[in-house]
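**Q** So the protein lines, in turn, are chains E and L. The numbering of the first sequence is our numbering, which starts it at 2 and goes up by one. The numbering of the second sequence is our numbering, which starts it at 131 and goes up by one.
It should be emphasised that the hints constitute simulated quantities derived from the structure, not laboratory data. Each statement offered as a hint is correct.
With a straight-line cut-off of 27 Å between C-alpha atoms, the simulated DSS-like cross-links for lysine-lysine are: (1) L/154 <-> E/27; (2) L/154 <-> E/99; (3) E/215 <-> E/199; (4) E/144 <-> E/280; (5) E/273 <-> E/215; (6) E/201 <-> E/27.
These numbers come from a predicted model, not from an experiment.
Listed here are the chains, written in short residue letters.
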Amino acid sequence: MSFAADIDDIAMASEAGPGDYFELLKPRVMSLVVFTALAGMLLAPVHLNPVLAAFSLLLIAIGAGASGALNMWYDADIDLLMTRTAGRPIPTGRIQPKEALAFGLILSIFSVCALALVANVFAALALAFTIFFYVVVYTMWLKRSTPQNIVIGGAAGAFPPMVGYAAATGSVSFSSFVLFAIIFLWTPPHFWALALLKSKEFAKAGIPMMPNVKGEAHTRLEILLYSLVLVPVGVAPWLLGFASLTYGILSIVLGALFLVAAIRVYRIDQGKPAEVAAKQLFAFSILYLTLLFAEFIAEFGFGFAARLF
Amino acid sequence: MANNNDSTPVVPDRALTLTPAQLKSRRARNVALALAIGFLVILFYAVTIIKLGPGVLKGGV
Numbered sequence: 002m003s004f005a006a007d008i009d010d011i012a013m014a015s016e017a018g019p020g021d022y023f024e025l026l027k028p029r030v031m032s033l034v035v036f037t038a039l040a041g042m043l044l045a046p047v048h049l050n051p052v053l054a055a056f057s058l059l060l061i062a063i064g065a066g067a068s069g070a071l072n073m074w075y076d077a078d079i080d081l082l083m084t085r086t087a088g089r090p091i092p093t094g095r096i097q098p099k100e101a102l103a104f105g106l107i108l109s110i111f112s113v114c115a116l117a118l119v120a121n122v123f124a125a126l127a128l129a130f131t132i133f134f135y136v137v138v139y140t141m142w143l144k145r146s147t148p149q150n151i152v153i154g155g156a157a158g159a160f161p162p163m164v165g166y167a168a169a170t171g172s173v174s175f176s177s178f179v180l181f182a183i184i185f186l187w188t189p190p191h192f193w194a195l196a197l198l199k200s201k202e203f204a205k206a207g208i209p210m211m212p213n214v215k216g217e218a219h220t221r222l223e224i225l226l227y228s229l230v231l232v233p234v235g236v237a238p239w240l241l242g243f244a245s246l247t248y249g250i251l252s253i254v255l256g257a258l259f260l261v262a263a264i265r266v267y268r269i270d271q272g273k274p275a276e277v278a279a280k281q282l283f284a285f286s287i288l289y290l291t292l293l294f295a296e297f298i299a300e301f302g303f304g305f306a307a308r309l310f
Numbered sequence: 131m132a133n134n135n136d137s138t139p140v141v142p143d144r145a146l147t148l149t150p151a152q153l154k155s156r157r158a159r160n161v162a163l164a165l166a167i168g169f170l171v172i173l174f175y176a177v178t179i180i181k182l183g184p185g186v187l188k189g190g191v
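Isolated chain L, as found in the complex (with noise of 0.2 Å):
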């Protein structure tokens, strides 16, 4: 399905495209990830401050 439109670049026959359930489904996928990985940041952040006391803030050696 090679696109010969002059203004979008020309795509191997390979790729897919995709319906648009599926670049909703990809959509949501992509922000259930995003949480999670704030939810790590969050998770590592916490842990840190708990573990190692606020003093880890302070920097220095």
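So that you can see chain E by itself, here it is in the shape it has in the complex (with noise of 0.2 Å):
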């Protein structure tokens, strides 16, 4: 009853305009969720429907978005003590929790169940278990309790592909877990790279990030290691023969470059160099990701065009 009554003034007195709202969606998140996902719906050997393919992808991405809200709802409190997320709409007070509850919990239901109806439902209870192993796994369960957070909440990032050729087919490959494989090996290096850049930050909020459990030097290694396991996976698509020669040979050259970014961030561990080096790999492990999707969509794109005509 009273819970009614605050949603109803709180509604009414907002001074949240539909943007506050876009940034609950986390619309960075959601951009490269889209990018994968799109790459995992063209990695299928079927016919696609462009409209229907539009529209799965929207929802997923919708999906997502929703994700990001209910994350942020649950995370006001440390996100108000780090001043990477203190700007975000509810820690400045612009969106109550309850409103970003509200809205999440709404378009996560929105979109499985539309993607039910647009694609199929193998593939609206893949992005349900994404939303769930994202807000439910990883921001409730693991993020405040064990470096290994980002590792296993990773796989919730590098589920899209999958969920982008379940979409498509209504069932999962092989080669669409191959394109999970990298983004879910990419994570730690990735957000372990800004751990160390911001390990106060996250002190400070009390979330054991690596770098503040294990420390640096071990930090560091990891990520190397880590590094060393991607690179292989990364040029895998073209072993094991499903992308071309092109691919091969970019992810072979993103590969090596990324690995020198991984030692360098290994080798040099004091002052602002190593801040540099860490910096660089944050910066370059999204660009390596980024270009390896984007050739895998120019060269999968080509063939879906080549089909539809």
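Now that you have both chains on their own, put them together as the hints suggest.
**A** This is the structure in structure tokens:
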């Protein structure tokens, strides 16, 4: 009763605009999800209706955005403590936690149900599982309890290619799993490079990131080890024969550069140069994943366009 | 804040008086919701036609 009245008052008196709600969806994460889910979708050896494919992609993005809103609802207390996140809609008071919760839940349910109608039930269940994994397993459980938080939680960010493939075919394949593996293995070096730079912030918020729990030296070693596993897996789509030689060459060159950046982070561990090395790895990791998936999309996009006509 | 002006109905004490900024943002939210609903109409229409085919418009049993 009072909950309903509260929501009413909040909703009426709010000064939040549509842009504030859009920010709850984590637009940058959402665009990465569109990108990787599209790659998974194009990988599917089936005829896709372009309109249904576009709608499916949009619904997957909305589902990912909804999980972002639920994450911001649950993490508002720690977001307030870190400069990187203190400007988000809930810590700044532009949106009330209850509004974000309602927004996230409604969009989650909507995106899953609509994907079941537009694509298929299997893809919808995969999307629901992705949202569950990010919100409950990562945000509520792992993030505040273990330095392995982003390793296991990274699975949530890695699912979209498989969801995209599932939307196109109603099943998953080994090739879509390889795309999953690339993002999954990419997440720890990417995030720990950030954690090295922001370890004080994470410590202030009480989040057990790797540098705070096991020390910086151990983090640098783990970054290198994950990079060593990531790079061959990045080349795998070509080795396994479902991506072209162009992809193979690109993934080898980018992989070599990734390793150089990771080795620099491992070896340069003092002062300003160490910070620069971590910053470079963080920035390059984003470029690495973007270029690999862009090549993938370009390559398979041509095949898709050819199948249309 | 009961309003005694004859031309407007008396509002209960707990009613909120919205500031211009609140009214403006509420309007913006409503426009966004209208667009979202419009998009949904297009989505379900397009998906119906694609999945069931144009025959769905012929009606009958």
